[in-house]
Amino acid sequence: MAEHPCSFLFLIPLIPFVVGFANGLIGRYLPRIVPGASACLAMALSLWYSTRAVFWFYGAPSGTVALRQDLWTWMSSGGLDVSFSLMADQLTCLMIVMISVVGFLIHLYSLGYMEHEKDQARYFSQLNLFAGFMFLLVMATNFPVMFIGWEGVGACSYLLIGYYFSSEDKAQAGKKAFLVNRVGDASFLVGVLVLLGGLSSAGGPLTLEFSKIKARIGALAEQRIFVDLITPSEQKTPGFDPEDGGRVVNLSPSFSTPERDAIQSRSSVSTTTSVLDRSWPPTSGQAVSRSPSAGVRASRGVRSSGDSSPNDSGPFSASIVTVVALLLFLGATGKSAQIPLYVWLPDAMAGPTPVSALIHAATMVTAGVYMVCRLCFLFTVSDTAMAVVAWTGALTALLAGIIALAQRDIKKILAYSTISQLGFMFLAAGSGAFSAAIFHVFTHAFFKALLFLGAGSVIHALHGEQDIFNMGGLRKKLPWTYRTFLIGALALCGFPPLAGFFSKDQILFQVYSSPRGGAGLYLIAIFTAILTAFYMFRLVSLVFWSESRVDRRLKKTIHEAPPSMLLPLVILAAGTVIVGFLNTPGLLYGHEWLSHALDPVLGESSTQLKRPEPFLEFGLMIVSILVGLIGILTAWWIYTSPERDDTLAEFEGTLAYRAVLAKFGVDEAYDLVIVRPLLAVSRFLRTIVDETVVDGALVNGVARLIDRVASVFRELQSGDTQRYLLLLTLGTTAVIVYLMRSF
Amino acid sequence: MSLVNLHILSLLIFFPLLGALAVAFLPSSRKPQSSWTWGLIVSGLEFLFSLHLPWHSGSGEGLKFAERYEWIPSWGISFLVGIDGFSLYLILLTTFLVPIIFLMSRRSVSTSPRAFVVSFLILETGIVGSLASLDLFLFYLFWEVMLIPMFLIIGIWGGENKVYAAVKFLVYTMLGSVLMLVAILWLTVRHGQFAGNFTFALPELCNTPLPLTEQLWLFAAFGLAFAIKIPAFPFHTWLPDAHTEAPTGGSVVLASVLLKLGGYGFLRFALPLFPDAAQVFAPVLMLSGVVGILYGALVSRVQDDLKRLIAFSSVSHLGFVVLGLGTLTVSGLQGAVFVMLSHGLTTGALFLLVGMLHERRHTRMIDQFGGLQAVIPNYSLVLRVVTLASIGLPGLSGFVGEFLVLLGASQCPGWGRPAMCAAAIGMVGSAFYMLHMFQAVMQGPIRHPKNRALKDLDRVEMGVMAPILVLILVLGLFPNSILARLEPLAQRIVETVVGDKEYELEAVNAAGVVVSRTPVHTAEPVPILR
Amino acid sequence: MSDVQLAHLYLALSAILLTIGIIGVLIRRNLLVVLMSLELMFNASNLAFVGFGRLHGGPDASALVLFVIVMAAIEAAVGLAIVVALFRASGLAKLDEINLLRG
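Chains as they are written, first to last, in our numbering: chain A, 1 to 743; chain B, 744 to 1273; chain C, 1274 to 1376.
Derived by calculation from the structure, the hints in this document are not laboratory data. Please note that the accuracy of each hint is not assured.
With a straight-line Cα cutoff of 35 Å, these simulated DSBU-like cross-link-like pairs (lysine-lysine) come out [to be verified]:
1) A:K412 to A:K118
2) A:K118 to B:K1193
3) A:K118 to B:K1244
4) A:K118 to A:K556
5) A:K212 to A:K118
6) A:K118 to A:K555
7) B:K1193 to A:K212
8) A:K556 to A:K477
9) A:K556 to A:K212
Simulated restraints, written as ranges between beta carbons of each label pair [stated by the list, open to error]:
10) C:V1341 to A:R723: 41 to 51 Å
11) B:A1254 to A:S7: 27 to 37 Å
12) C:A1285 to A:D720: 53 to 63 Å
13) C:A1285 to A:G701: 57 to 67 Å
14) B:S853 to C:L1359: 41 to 51 Å
15) B:E1102 to A:W72: 19 to 29 Å
C-beta: ideal position from N, C-alpha, C; glycine also.
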């Protein structure tokens, strides 16, 4: 009863795939409008089927965990069956709707943006293929199929970044993206295999299906294999047996009790198997063992101790799960551009701007966050892993925020901003606030795509200029672009009541209050928020508000973007305004619809506060608004008045500025430490080892040895008849003497 | 139909030989085209005949379509042939590629096309014969039959250093095979001592109870011959020269088919005949595989010659095969076979594509190209798909095999996990050199004016590449029909080697009659000869 | 010395001639001289046969001598033909210059 069959799920990725293939093969022979129009149509169809899937899901019989469609058996080997199946649960439904909506809008935008390009077929085909792979990623029911999507989006990203292939730099950027991603992908694969090994050593059939792994881990948790330190906590929920070690209740903070009961009763019916059967709330007196808590128990605030569980020996211990989680997370850092594998994203801006919007803001880079949330049951077993995720997210956010302060290219600023926001998402996930992370994914998709498309409009208007110091005063000339861009920027800074405010605020609150979060992480996050506001409005000031520094010749030709580009901007702006209201916090008398919707999927693993803390939450909200305002006003003050240009110029000479401008030399460091030595090793292997040693000394050496030995024997064939006769005589004499010896 | 069934393998083996004889005695008066036409007809028919095999083979584990004719009874040599999942797909790959090779070589081979066609047909006989033979003497015969035509192909129609490369190929490979011959004879003699009857038939030779030290030597001899062929790491240096100097068709058949015979030899002969030794040597195989993967990837990156780059990429990919063989797990063995199949397709395609470039520009040096994507977009598309398949993008054929090998490695106790990690790094490595190759050749600005006039793929070339691309996609998405057929075979090998079970092999002909089967041994091993 | 008959002296002469002949074949460079030394060896063997024939009696020795004479004649004819052909083809008559079959 857990999974309801749905017969059209396969169309969601298939339609973009088919149209993408067709465009790729024959698109260039068709009239110019066909590839673009067909691609948009494909995305529209996927959108249609995605929404239909959502309705199906909510219309399915109660108790349905997910829609599912099994297509065929992909691989089956030695006990492991991998089937090519698609599913749609709440999380997936959210993702596919987001991908289709944003994807469709960006396809529409591309029609206008790429109008002057000759090779549209290639662009649209690759964009569609990308969408297909992304759908596959989020709809996968098991690791290998997810990996198809995972690597596939990486490949399409490589193709699209390198779209302008005749420039060596741009082609190089694509290659770099793929290689860095590949490192992450290899790590992901190793993690999957280690997980499989761990599960098989713990007994039971081999499987890579998410739902089955979740059940297994739940069962193993039940057997206290991952037992962590359980400290009785003051945050126990009433209704629980106090003698029990105090299991953390996994509910998002909600304000009113009757609502919570409704939620609880709803989540109780949306469990997968009997092992996970949770009857909520446990009636008093009921022994806890009869209503086993599903999912995994989280430990309390033991961030610093790593694995303090007494049970981390044994075939499938928490330490193996830590290793798996870290490996998977390394894959996520590759895909979602976190430390240490973020270096490809700024370079990826070499691709066309809509590509940056779709792939590097809304979809592909969020795949890592999606993966961590999808596998929340795995990550929460291991404190170390959660801590690593949270701290990596925080530090990446900070680093990217700092670097963005000094960048001059409008797209690079947005790229670093994306890295920074992704850091926020991982920070949230690592702190246990998975639904907050997904909420931010959703809102970020809208406003970041909006910002990128707006930047594209600006670049389009200025015929390719990307340096913000050569812009300015565009407020009057590009009114619609300006307005939508401003909305996006405000959303990014967390300005109420735009979407970014709600999601960012929820993250900040969770980080501060969740047992896995903490004050340190919160401080980093709030400081990054200041930086975010500052650099965004530095951008806005320099591009739209300040006096125009645009080249005089360009000034005359600046015109607003065509409607095909403006319409998506407007829609996205509207989305940015509306989407936040999907998950308004209870504090403001909101309904928290999204968190609750995602609860069946993410809720068990979330370590979010159960007890509402209204003052804390409100206080933090005010702090974040203030912080945003400070950043905005400071940037406005500095960058809009020409008097401060001299101070700026002085400042630019300082070491700190130059270090930041040089991105702290990370790219160069990678090149020096990894790329060059690798090439040197390769050359060494080629010349010394292969040519000289193996081929030269061994193979050819043997040949030369034989040659030399043979030349010795060759002397016997001197061609001198008399020498032959001499030998003949001597030989005969010897034979005769030997035969006659007895005489 | 059943008459055909009964003799299908003999037909498949000897039909190209008859075709070669026919072509050889053609009156060569009029056009040279006639030899190509004949060659295409013969190889095309051969392919159609070979399609009969999967169609009618059904399921089950033994060797099918077996035929046995007594050849030299006093020495125990019989004409015993039969196939199962391991050989079936390789035979199909061979017969599929030979017509394609003829189509492509038509325009690049201008001297003595007749001799070329004859050589290739004899080569095809040798390959199919090796793949189908179950009699060790017969196998050796066909193994050697493969060498001479290949030698001629490289040595006559090759590049500048063709003679060096051809001789190197011949002598190196023959060194291994001669040792294998000694081992074959030793094995047969020992079996004769033990069982009383002297035979070269594989099913009957299995489970010959030999002490471990003897098995180690014999396995080493067989293993050396196959390792040279695969080519496994330290024995690989003949490959770059052979590939670079061979003509396009020669490179394709060498890379796609001949190399697979090494892996096949392990699976068919070395592992079942000497299970205890196999277990001892398994870590060595894994090490060689991992080193091959990484070494091949790194050296490939810094090559200046396109064909040499692809040759080293073969070393890297086939490292996965060796690794898979060394894991001695079901997934590992399945993965090894699948990597062989996939590599045959992708690397064959790569060599065909390089050949097309070579024909147009008469150079293979990477620095002579650049920016070609703008000039030949269709070619670029095909190259890109093949490149991504070679890298192992999931959804295309390369990934399945690599994944299964990694899976097998992760299940292997002891050295398995580190090997898996190192091999995963190899995945990054393959992207490293392949993307470099693609970028250097296809992207960037157009550096040489001659490149502006390059012609894109014409219909013949497109027609040749299209089925290969389709197969790559189909194998990537629907590998299970092949995997399912391989699984019981791999299972049997694993149980024998690791589990110490007896290896039971049964050769059944099309009428269901058993022509050869493994006898059940109960006696103690025979002590070492004095 | 009392047992030494005339026949033994023949044998001794035969041995000396054979040695001279062998040395001649091995050392002399001129082709014709080599042929002559070869003839000397044949004659030495003839002498040996005669000597042994006298020592042992019987007709065998004489018969063999006739064979050897015929052999010598044939060999001389063929050998001279070869020398002439070789000289005509290469212009060389010295044995150490004729080494086309050098390995």
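For each hint, the structure was consulted:
1. A:K412 to A:K118: Holds, because 26 Å separates the two Cα atoms, which is no more than 35 Å.
2. A:K118 to B:K1193: holds, 23 Å
3. A:K118 to B:K1244: Distance ~65 Å between K118 of chain A and K1244 of chain B Cα, so the pair is violated.
4. A:K118 to A:K556: holds, 26 Å
5. A:K212 to A:K118: Not satisfied, since the Cα-Cα distance of roughly 49 Å exceeds 35 Å.
6. A:K118 to A:K555: Holds, at about 27 Å.
7. B:K1193 to A:K212: violated, 59 Å
8. A:K556 to A:K477: Holds, because 10 Å separates the two Cα atoms, which is no more than 35 Å.
9. A:K556 to A:K212: Violated, at roughly 63 Å.
10. C:V1341 to A:R723: 41 to 51 Å: With Cβ atoms ~27 Å apart, the hint is violated.
11. B:A1254 to A:S7: 27 to 37 Å: Hint violated: Cβ distance 45 Å, outside 27 to 37 Å.
12. C:A1285 to A:D720: 53 to 63 Å: Given about 32 Å between the Cβ atoms, the range is violated.
13. C:A1285 to A:G701: 57 to 67 Å: holds, 59 Å
14. B:S853 to C:L1359: 41 to 51 Å: Holds: the Cβ-Cβ distance is about 44 Å, inside 41 to 51 Å.
15. B:E1102 to A:W72: 19 to 29 Å: Hint violated: Cβ distance 40 Å, outside 19 to 29 Å.
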